[in-house]
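Numbering (my numbering) for the sequence shown: 148 to 442.
Possibly wrong hints are sitting among the right ones.
As the list claims (entries may be wrong) - Distance ranges between label pairs, derived from CB positions:
| id | residue 1 | residue 2 | range |
| --- | --- | --- | --- |
| 1 | Arg341 | Val426 | 39 to 49 Å |
| 2 | His354 | Gly405 | 52 to 62 Å |
| 3 | Pro220 | Thr275 | 45 to 55 Å |
| 4 | Asp425 | Gly243 | 15 to 25 Å |
| 5 | Leu415 | Leu204 | 13 to 23 Å |
| 6 | Pro357 | His401 | 42 to 52 Å |
Hint data in this document are derived by calculation from the structure and do not stem from the laboratory.
Glycine included, C-beta positions come from ideal geometry on N, C-alpha and C.
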Amino acid sequence: MTTLTKDTRSPADRLYFLAARMRLMDGRGRAAWVIGLCLAYFTVLVATSRLMDDAGLTTDFLHKKLPPCLEYPFGTDWLGRDMLVRTVKGLTRSLGIGLLAATVSSVVSVVLGTLSATMGRRTDAVVTTLVDLVMATPHLVLLILVSFACGGGATGVIIAVAVSHWTRLARIIRAEILQLKQAEFVMVSRRLGRSPWWIARKHMLPHIIPQFTIGLILLFPHAILHAAGLTFLGFGLSPHNPSIGILLSESMRHISTGYWWLAILPGLSLLVTVKLFDVLGNSLRVITDPKTSQE
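Use the sequences and the hints to build the structure in full.
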């Protein structure tokens, strides 16, 4: 008969024990823990945004410019709006825009990278030249031009980020497919008379799913940061909707007068979110790469 004993360790001892166990894990074990923690953070962020009342976004001059306190952990702005509510909803909106922009950009990368590697020298030359042109253009200038040409707003930001961020992943996809073309099963399909399109669809695309997934996640933080940057410069989202770029842009008019929480806390929240996406992408890379999984 077994008896259950109560764990009398302090929270600090439990945390130390958990950290020690993670140090003893191999690369994949640690990466799995990190992925779980990152996904938990994003789930809590989105759920909190859904559950938060929009009353915190309404004007309340009786509580304007309050510093962080128990009632308002992120303080209030010059109109009395709750900065915690605005930050959480702004981050969630930025996540949605970043997801769409990163997905569109990754799909463009896969399509052009596959065409470049499988459709002959002329197509390869055209795609390679296009990659060089995009990479030679200053990043911020290209973002502003495309967003302005598309009329700004969420659509303009998504198109601008997608157009300016596809090149690196496209080069990775192209190199991977060029290596796959020398594989024996691909050469057999070619001798059997299969078309380049059939080979690309049946043999190439299934093998580049890991690169596509990791590239999409690693592109996510860049999309969020550049979407916030465009909005900060006035070429992005409408100021009527909460977003991190809007919060930072509006705070510049008040931070010099001592209201530091209007910029510092939303900015730190953005940096934490972006860093977690970067950690998530690197952890997925560890899991999918057999060379680093046992480190």
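For each hint, the structure was consulted:
no., hint, in the structure
1, Arg341 to Val426: 39 to 49 Å, "holds, 41 Å"
2, His354 to Gly405: 52 to 62 Å, "holds, 57 Å"
3, Pro220 to Thr275: 45 to 55 Å, "holds, 51 Å"
4, Asp425 to Gly243: 15 to 25 Å, "holds, 19 Å"
5, Leu415 to Leu204: 13 to 23 Å, "holds, 21 Å"
6, Pro357 to His401: 42 to 52 Å, "holds, 46 Å"
Comparing the model with each earlier hint shows no violations; every hint is respected.
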